[in-house]
Every structure is written in C-alpha cells, then in structure tokens.
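Residue numbers for the sequence shown follow my numbering, beginning at 173 and rising by one.
Hints are computed from structural coordinates only; laboratory data are not their basis.
No residue lacks a Cβ here, since even glycine has one placed at the ideal position from N, Cα and C.
Any given hint might turn out to be false.
Unchecked claim - No farther apart than 35 Å at their CA atoms in a straight line, the calculated lysine-lysine pairs in the DSBU-like style are these:
{"id": "1", "residue 1": "K249", "residue 2": "K292"}
{"id": "2", "residue 1": "K400", "residue 2": "K387"}
{"id": "3", "residue 1": "K458", "residue 2": "K445"}
{"id": "4", "residue 1": "K388", "residue 2": "K458"}
{"id": "5", "residue 1": "K381", "residue 2": "K400"}
{"id": "6", "residue 1": "K332", "residue 2": "K423"}
{"id": "7", "residue 1": "K445", "residue 2": "K381"}
{"id": "8", "residue 1": "K400", "residue 2": "K423"}
{"id": "9", "residue 1": "K387", "residue 2": "K423"}
{"id": "10", "residue 1": "K423", "residue 2": "K464"}
Unchecked claim - FRET-style restraints, in silico, Cβ to Cβ:
{"id": "11", "residue 1": "E307", "residue 2": "S390", "range": "17 to 25 Å"}
{"id": "12", "residue 1": "D343", "residue 2": "Y442", "range": "27 to 35 Å"}
{"id": "13", "residue 1": "V384", "residue 2": "N453", "range": "36 to 44 Å"}
{"id": "14", "residue 1": "L404", "residue 2": "I330", "range": "16 to 24 Å"}
{"id": "15", "residue 1": "I360", "residue 2": "Y442", "range": "20 to 28 Å"}
{"id": "16", "residue 1": "S452", "residue 2": "I360", "range": "26 to 34 Å"}
{"id": "17", "residue 1": "R429", "residue 2": "Q385", "range": "44 to 52 Å"}
{"id": "18", "residue 1": "E300", "residue 2": "G375", "range": "21 to 29 Å"}
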Amino acid sequence: MDEFRESKKERIQEALDMAELTTGRGLNQEFGLSRACDTRWGSHFKSFNNFILIFGSILDVLELLVLDAHSTDERSKAMGYLRACQTFEFDGLYVSSLRSRRKPDDCTVLHHYRVDVFCKIIDWQIQELNERFDEVTTHLLHGIACLNPINSFSSFDIRKIMRMAELYPDDFDEFSMGALENQLASYIIDVRDVDERFSDLHGLCDLSKRLVQTKKHSNYPLVFRLVKLALLLPVATASVERAFSAMKFIKNDLRSRMNDEFFSGCLVPYVEKNVFDSISNDAIIKTFQDMKPRRVQL
C-alpha cells in the first residue's frame, strides 16, 4: 500500500508540474478501489472510474511486485495481473465472403450498370480523348464548333473563334485579327437576328453555300475564310494520314533516294486511285508527249 501511495503521489506531482492538473480545495484527494455492491449500479461506475484514474499507479505497483515479491506465488500473480491489464482479449474480426440469405444485397442492378460499367467506360473514354487531343487541337475543335449554325448559332463564341484564328498566323496577321473581331460582331447579328435565310442551316457546308448565295462572303471575307478552313481541316487531315500510310509502299528500300518532286508525283496517283482510274492511258500518254519533244513516240 505504501508503494501505491508513493507512486500515486509522484504521478500527481508530475501532472501538477506539467499543468495537467489544477490545485484547489477538495481537488486531487486520495482514493482507492472499493468493492462494487451487488444491488447498487452506481458503485460499479465509481469503481470503474477510480480504476481508470489510478490505472498508471496500479501498473507501477504490479511491476514492483514482479521484481521485489518475497514469494514465487505473489510474483506470478502480479505478473498475471500486469499482463491482463496490458493486453486485450477480443474475438478476431471475420468477414464472410458469402452473402447472407437474410441480409439483402445493397448493390442493385441499376447501381452496378451505372457506377461499375457506365461511369467506368465514360472515365476511360475521357482519359483517351485527353491523351489524344492536346490543348491546340482542343482550341481548334472549339472554334469549329462555335462556327456551327445549328440551332440559330447557339454555340457562337467570339472568344473561342479568335483563339482558333490565332492558330493560323499565315492567314490572320495582327491587323487581320482586329478586323476579324469586328466582322464577327457584325456577322452574328446579321445572320442570327436580321437575315432569316440563315435560320434553317444544318452544318458548315450549308453555311458556306448560303454565304455565297447571299453574297455575304464578300461582306465578311475573314469570317468566310475561317469557314473554309474549318471545312478543309477534316479533308486535309484524312489526306495527310492516308499519305503517310502510303509512303511505306512508295518509298521502299529500292526507291529510297528519289527526290521530293518525283516522290510527290508517285504518291498522288497512289493516294487518289479513284480519280486516276477514270483517266485513260491514252490521255496520260498524250499529256506526257506534249510536255516537251521526245526522241521516241509512245
């Protein structure tokens, strides 16, 4: 009991020095563990509360008994109590991999197809699109979409169209950029609010035809130039891709030193097969003979 009081005294003094306890009348009184009464549950709470408060001192006393006990029986009991205070006894957590028949599955079929299938595919497609289209390509596509006349030019945005024009420095210099912005402001008012002939268009192709039919391509030449560039871009992109795929058939190991002019002349007939199939061999021979005098007539 003296060891317990001494340990408790040291702990209280240490707590006071560290300002973890406050001093005052009736505070930090000495108390111990009392036997809980069978009929009064308040005594159980008091016993547990006192045990929590003096838990550190109890461990100190048990450690002293383990080291300094006179008999082996007392030493073993103290060691058992100390181990019981410092360890936890609980059942291991076990989660069955099978679904209980009494507990319904919270994941519905709709949730499975929406979250696990649909949303996952959408995220994968967005990631693929972001990797395929860089910032320049995105600005270009946004500008083309803003020129689309569908739904009475609902997607029209001057800022995005100007950003698209900046990608063509050879066609739009600094002076042309200022003129283009003014033409776009007048153009959208004219075709959306004034002229009803532009209300039933379904694409850039219809827009370019209607601009020529109404002679507005001469009133807004820079806007019409942007429309033409937007129409040529898909065709030019597809032609370039086809040309690159055809290069490996034209310029092989046997024809690896041809100049650019000869290479271009061989590449065009290979890429545009449908056009050259309609041209007769006699017409090609005649054109070849008329280019300059030949020693041999074909």
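Status of each hint after checking the structure:
With a C-alpha separation of about 61 Å, the suggested pair K249 and K292 falls outside the 35 Å cut-off, and the hint is violated. Between the alpha carbons of K400 and K387 the distance comes to roughly 15 Å, so the proposed pair stays at or under 35 Å and holds. A C-alpha spacing of about 20 Å is found between K458 and K445, which places the hinted pair at or below 35 Å, so the restraint holds. Only pairs whose Cα atoms come within 35 Å are accepted, and K388 paired with K458 is rejected, the gap being roughly 43 Å.
The suggested pairing of K381 with K400 holds, with an alpha-carbon distance near 11 Å, which does not exceed 35 Å. Annotation: proposed proximity of K332 to K423 is violated, straight-line Cα distance about 41 Å (limit 35 Å). About 28 Å separates the Cα atoms of K445 and K381, which keeps this hinted pair within 35 Å; it holds. At most 35 Å may separate the alpha-carbon atoms for a hinted pair to count; K400 and K423 meet this at roughly 33 Å.
Between K387 and K423 the alpha-carbon distance is near 46 Å, which puts this suggested pair outside the 35 Å criterion. Taking the CA atoms of K423 and K464, the gap is about 27 Å. The hint holds against a cut of 35 Å. The hinted window of 17 to 25 Å between E307 and S390 is violated, with their beta carbons roughly 34 Å apart. Roughly 30 Å separates the CB atoms of D343 and Y442, a value that falls within the hinted 27 to 35 Å.
The given range of 36 to 44 Å is respected by V384 and N453, whose C-beta atoms sit roughly 38 Å from each other. Hint check: L404 to I330, Cβ distance near 22 Å, so the stated range 16 to 24 Å holds. For I360 paired with Y442, a C-beta distance near 44 Å fails the hint of 20 to 28 Å. Between S452 and I360 the beta carbons are some 50 Å apart, a value that contradicts the proposed interval 26 to 34 Å.
Taking the beta carbon of each, R429 and Q385 are about 51 Å apart, inside 44 to 52 Å as hinted. The hinted window of 21 to 29 Å between E300 and G375 holds, with their beta carbons roughly 26 Å apart.
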